[in-house]
Amino acid sequence: MVNGMEEFEEEELINTKPKYSQEEQYRVFDKEFMPHIDAMYNFAYRLTNDEDDANDLLQDTYMKAYRFINSFQEGTNAKAWLFRILKNSFINDYRKKSKEPSKVDYQEVETVYNSTEDAEYESTSDLRIEAVQDMIGDEVAMALNSLPVDFRTVIILCDIEGFTYEEMAKILDIPIGTVRSRLHRARNLLKEKLRSYAKSMGYKELR
Amino acid sequence: MADCSDKIGMKEQCENHAKCMEMIQAVLDGSASSEEIEHFKSNLEVCKPCIEGYELEKTIKESLKTKVEKVCCPQATINLLKLKVGIALLILVSTIVEIKIIQLIILS
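One line per chain: the protein sequences are A and B, in this order. The numbering of the first sequence is our numbering, which starts it at 1 and goes up by one. The numbering of the second sequence is our numbering, which starts it at 1 and goes up by one.
I should point out that these hints are in silico values taken from the structure, not numbers from a laboratory. Here a beta-carbon is modelled for each residue, glycine too, at the ideal position from N, C-alpha and C. Careful, some of the hints might be misleading.
[Said to hold, decoys possible] Derived CB-CB ranges, DEER-like:
| no. | chain 1 | residue 1 | chain 2 | residue 2 | range |
| --- | --- | --- | --- | --- | --- |
| 1 | A | E74 | B | K41 | 37 to 45 Å |
| 2 | B | K58 | A | P175 | 38 to 46 Å |
| 3 | A | D30 | B | E15 | 51 to 59 Å |
| 4 | B | N79 | A | D134 | 38 to 46 Å |
| 5 | B | P74 | A | M142 | 16 to 24 Å |
| 6 | A | I136 | B | N79 | 30 to 38 Å |
| 7 | B | I37 | A | K19 | 39 to 47 Å |
| 8 | A | P35 | B | K58 | 26 to 34 Å |
[Said to hold, decoys possible] Derived DSS-like pairs: lysine-lysine, alpha-carbon spacing no greater than 25 Å straight-line:
| no. | chain 1 | residue 1 | chain 2 | residue 2 |
| --- | --- | --- | --- | --- |
| 9 | B | K67 | B | K41 |
| 10 | B | K41 | A | K193 |
| 11 | A | K170 | B | K19 |
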């Protein structure tokens, strides 16, 4: 994924010849980028699990977006463009110092969960719908936050932000097929976490 | 694609459940192909594990969407960002003005 970031930095965030005047730059920044600031902050916060880091990551992302505004085509998907910059900034600058307990790369994570997928399904299939329905937001958020960041990311992008698989593939620099399989594994893992919470809450585990 | 259909009655076991769940998730996410949607519809009438899997996935997805708090960006951060962009713009404009002045001086 680092390679993907380098490619993105070099090929897509290059400062192409100016297409916007100074006034237009400010207008594009204000009209196209600023409306997504809450979603961007939320994404930064969910990635870093820290308010200060989320603030820094957000500001770095927006300043980078402003610096390379000429590589943004007005009227295209600004939200996906910004999310991609934020995700890459997180990988390059914040992941190392993040308070995230599980710092593993995509390949390692997927290898582990590929090998345990069947066993994992068996253990998560007895999660009851009623238990999930009765959980409060903090419990669902805790289960989400306890996932390795790579799996947490796909769930945030899909279920909280509502991106399509195609948009997620562009944001994450991975094929759509990988988006699907990673989401599937992330959800199995989330179900396992939710099942643990349900058990600790005293719900009956089996249907 | 997984084939879970059984013409006789409701299936208690799904031999391709992992594949079916991936497809069910794609349907819930609005990213399934028309072929997958058709398969999903027919499967939901005959495969019990798929029906239960669908209901659970739908509930979890709704919980993530509606229950997990969306933290808003602090106003101070928004103000700081606007200030930074304003300053960056000001520096850029003043640099351009300086260059123009230097060019004029050199030409004159």
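Here is what the structure says about each hint:
1. A/E74 <-> B/K41: 37 to 45 Å: 40 Å, holds
2. B/K58 <-> A/P175: 38 to 46 Å: 26 Å, violated
3. A/D30 <-> B/E15: 51 to 59 Å: 55 Å, holds
4. B/N79 <-> A/D134: 38 to 46 Å: Because 40 Å falls inside the window, the suggested range holds.
5. B/P74 <-> A/M142: 16 to 24 Å: Holds - the Cβ-Cβ distance for B/P74 and A/M142, about 23 Å, lies within 16 to 24 Å.
6. A/I136 <-> B/N79: 30 to 38 Å: 33 Å Cβ-Cβ, so the 30 to 38 Å window holds.
7. B/I37 <-> A/K19: 39 to 47 Å: 40 Å, holds
8. A/P35 <-> B/K58: 26 to 34 Å: Distance hint for A/P35, B/K58 holds at roughly 29 Å.
9. B/K67 <-> B/K41: Answer violated: B/K67 to B/K41 is near 28 Å, above 25 Å.
10. B/K41 <-> A/K193: Violated - the C-alpha atoms of A/K193 and B/K41 are around 29 Å apart, more than 25 Å.
11. A/K170 <-> B/K19: Distance of about 24 Å is within 25 Å: holds.
Of the numbered hints stated above, those contradicted by the structure are hints 2, 9, 10, listed in ascending order.
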